[in-house]
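As you go down the protein sequences, you meet chains X and A in turn.
Mapping the first sequence onto the working numbering, position 37 (from 1) lands on 280, and the numbers just tick up by one.
Mapping the second sequence onto the working numbering, position 8 (from 1) lands on 251, and the numbers just tick up by one.
Note that these hints are calculated values from the structure, not bench results.
Just so you know, same-sequence chains aren't split out, so a pair can sit in one copy or run between any two.
Here are the simulated DSS-like cross-link-like pairs (lysine-lysine), alpha carbons at most 27 Å apart as the crow flies: (1) Lys-304 x Lys-345; (2) Lys-270 x Lys-396; (3) Lys-343 x Lys-304; (4) Lys-345 x Lys-357; (5) Lys-295 x Lys-345; (6) Lys-304 x Lys-357.
Number of protein chains: 2
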Amino acid sequence: MADPGGCANPVARTVLQQCLEARLQVKAPDEDQEAQWVQIERGMVVYVCFLKGATEDILPKMVSTLLNVRLCESSAGGTVSLLDLPGSLLVVPQATLGGKAKGRVMQYHNNVAKEDGLRLYTRFVELCRQEVTAAGAGVRHGTYGNRQVLHVKTNGPCTHLVEF
Amino acid sequence: MADPGGCANPVARTVLQQCLEARLQVKAPDEDQEAQWVQIERGMVVYVCFLKGATEDILPKMVSTLLNVRLCESSAGGTVSLLDLPGSLLVVPQATLGGKAKGRVMQYHNNVAKEDGLRLYTRFVELCRQEVTAAGAGVRHGTYGNRQVLHVKTNGPCTHLVEF
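Please put together the full structure from these sequences, using the hints given.
Written out as structure tokens, the structure is:
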């Protein structure tokens, strides 16, 4: 049987949603300062989680696939890639995506160690930025390890799962 | 290796996100009428897609798992289930979740036939409604086959993938 979207033993899991606007808190408010936010307009939110076994080798393929697969609506009504559009990208680190329901509890035994996740995430954002900037759009991203306070407006999220 | 969140041959794929507020268009505007929306406050958005091989037999387990697994934050800071909270549920049919990237194109060969998907979706919503209503909260849901114009505000989506 076809293995829809997923891999047998993924090392990275991503969920993609189209957006008209997405706004993410990158610094919580404290006594001295209001919360800091980043925002994109039309484009894509990618939630990303690295799993055990993930190395930097996987990153170029991930970036190429996520940015080049045709899942954005064009103004003409067809589907084009984020780079074709070109649309902006909001990268949201999302360790919860590595979870597995065991009875009533979610377990995260398969997530990479935090320091490895941070390194992979940072490099993933850099590679996305190179490609998206070259296409004429922008990349914003969440702070790894933070609470990802997020507001999204969509004209249909067209949620996709892509594993690597 | 553990199979995080996923199944080898899933018949249903769900993505869960916590929300503070979520608003979904259930009828597009036309000449006679403004758009119609449904809305939930604090609770969970579940994006659901049925794949080939799915039957009604899977639905009770899906509903039980999704509503009872502890992935919502309680006011006390711990994690509780949607029914424990109790929080509201917004069900969003999302056929795109069955997609698989093949080169630059997303393919949906593994999705159930549309009429089977509608039947399963309708029954899934009914079963969710029984449980959530009994716990004292509400269920809202999208119109199967429609464009799912969706706005979500989160205090951290805590995105989870759960397959069946």
